[in-house]
Structure formats: structure tokens, C-alpha cells
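Enquirer: Sequence:
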Amino acid sequence: MGGLPLNGNAPPPVTFMTFPGCGGILVSSLHAHHGGRVGTMFIGQQPKAAILEDYARYVNPGRVSVFKMVGLDFVPGRREGVWLWDVDGSRKLLNCRCSGGVFNLGHRPPRVVQALKAALDELDVGDHMLLDEMRAALGKRLAALTPGDIQYSTFSPGGAEAIDVAIKLARAYTGRPGIISVHKGYHGHTGFALATGEDSFRGKFGPMPPGFTKVPFGDADALAAAINEQTAAVIMETIPATGGILIPPDDYYPRVRQLCDQWGAQLILDEVQAGLGRTGRMWAIDEWGVVPDILVIGKG
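Under this note's numbering, the first residue of the sequence shown is numbered 6, with each subsequent residue one higher.
Careful, some of the hints might be misleading.
Claimed, not checked - Taking lysine to aspartate or glutamate pairs in the EDC-like style, the calculated list, with each CA pair at most 20 Å apart, reads:
(1) Lys73 - Glu85
(2) Lys189 - Asp204
(3) Lys189 - Asp169
(4) Lys73 - Glu58
(5) Lys189 - Asp226
(6) Lys145 - Asp126
(7) Lys304 - Glu85
(8) Lys304 - Asp169
(9) Lys122 - Glu85
Since the hints were derived computationally from the structure, they do not count as laboratory data.
Could you put the whole structure together from the sequences, leaning on the hints where they help?
Expert: Here it is in C-alpha cells:
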């Protein structure tokens, strides 16, 4: 239960950070605590004004302020398909953002809800150290769905952590330090993932780990000038989403694949936002007929 104060005492695993002008901040993998106990929480128990007040006081006051300023003091209550209803019933919104691609099946699709309810009758979160039937079944299914001869799956709690794992795998396999990413790319906010991104994402978090280089997306000549015998991997979103849904030239990915093969570097494609049918194909890279060495997927 690391991160949750129990009985008024903070155990050693709790991590606090202090920022100028604010008190201690609890960094926790848990979502809520009530008087030292995890509470059972349901939508609609609190009036909207109380929810906004609690969010500002206990979670993120700046976000509440900005959202109010732009007229988005909207608290999702009922959610179904492509629609969200304000908890006070005042508004109904068409969700085009989908939490960055999480809800590509819509909100609360009945088959998914039914499967989750059935799983709760027999299963739990599992133990990551033990062999597991569900992971074996999912790995087998993914091996059948992914491009080319991709066979093995490793599971992470989120997309950024999966990027960290992919970079560590590439460095361990090649014995090289160099990682080439692209400008306007986005892979998350954890350690190695953050190091691949733009300065606007990482500028306030101190020095980044060494070995990271960026080149323009879609420019195979720039990649050819940057890649060398110290390059462990080339990493990019197949279609950079945060950068503006960028589509590369038709010959770009075949050339990227050829350059990685020429220099013995791993090709890591991030399809956390582009994969799983979002482009009309199961994987966006299928459009170019290229097989990556490591494919990172997630969300929906």
C-alpha cells in the first residue's frame, strides 16, 4: 500500500515533494484516500460545486482555474458511447478527445463492461512475478495480430513506461547508447521517454540522460546523417499525434528500415495512439509494409 498514509502515520514508501508556495504533495499510485482508508467511491455522490472545490483543494487548483476560464468546468457523470454528460445534467458533450485515444471503442461498451464484471468474479490484479494464464493468452493473441515475426510481449502500466522498457531493451541488445528520436514527437513523461521529447516537455526537469539525438520527422536524409555505429535504436510515433498528425513521404519508412538494418540499430515504433485500428488498419505501419523490431502499443 505504498503511498497511502495509514492510521495517521506515513510509512517509508510515501514520497513527498515540496514546491514553493504549496505544501507537501503526496505522490501515489492510488487514486484517493479518506481518513487513512481507501474509500468506495461512486459517481454522483457529491454536488458539482463540491467536486470542483475538492479538486481544487486536493488535486490541482491550476487546472480547475484554467478550465473555468475557458468554460470547461465540466465534470463527467454519465458516459456512454461517444457522449459525456455533466454530473449536474446541464450539458452533454461529444467526446472527440477520447482521453488521448483510450476510448476508441467508446465509453463503457457493453461487451467490455460485461467482460470486466465477469473477470472480477474470479480474478484480481494478479502477481507480476508469477506465471499467468491471462498474460499468456494475451501474448499469443498479440503475436497473431502484430506485423511480421514479432513474437514476444512485455507488459507495462502505461505507454511512457513501455517506451522506457523498449529503450532499455534496445540498449541491452545492441550494447550501444545512442537513441535517435524525431522533432515534434511525444512518447510520455517518464525517464527515457521524456528524454526523447521536445524541450517544452522536459525543460523544467533538469538534465536529461545522455545519448539522445533528435532529427526532423519525415526526413530520411537527416536520419542517414545522424545514425552511426553507436546508435542503439531509432524511435518515433508512426504518425506523430501530438505534433499534429504528421504523415511522412511514401518512401520514408522503407528508408528508415533500411538505415536501421544497415547500421544494426533497432527500429522502435510507438503506436500507443495510432495503433489498434485507429487508422483503418490494425497498425498504422501496415500502410507502409514495414516491420519494426519493437512495437509499443496501448490505450484503447
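Enquirer: A separate judgement is required for each hint: does it hold in the structure or not?
Expert: Against the structure, the hints come out as follows:
no. : hint            : verdict
1   : Lys73 - Glu85   : violated, 24 Å
2   : Lys189 - Asp204 : holds, 10 Å
3   : Lys189 - Asp169 : holds, 18 Å
4   : Lys73 - Glu58   : holds, 12 Å
5   : Lys189 - Asp226 : holds, 17 Å
6   : Lys145 - Asp126 : violated, 24 Å
7   : Lys304 - Glu85  : holds, 18 Å
8   : Lys304 - Asp169 : holds, 16 Å
9   : Lys122 - Glu85  : holds, 17 Å
Checked against the numbered hints given earlier, the structure breaks hints 1, 6 and satisfies all the rest.
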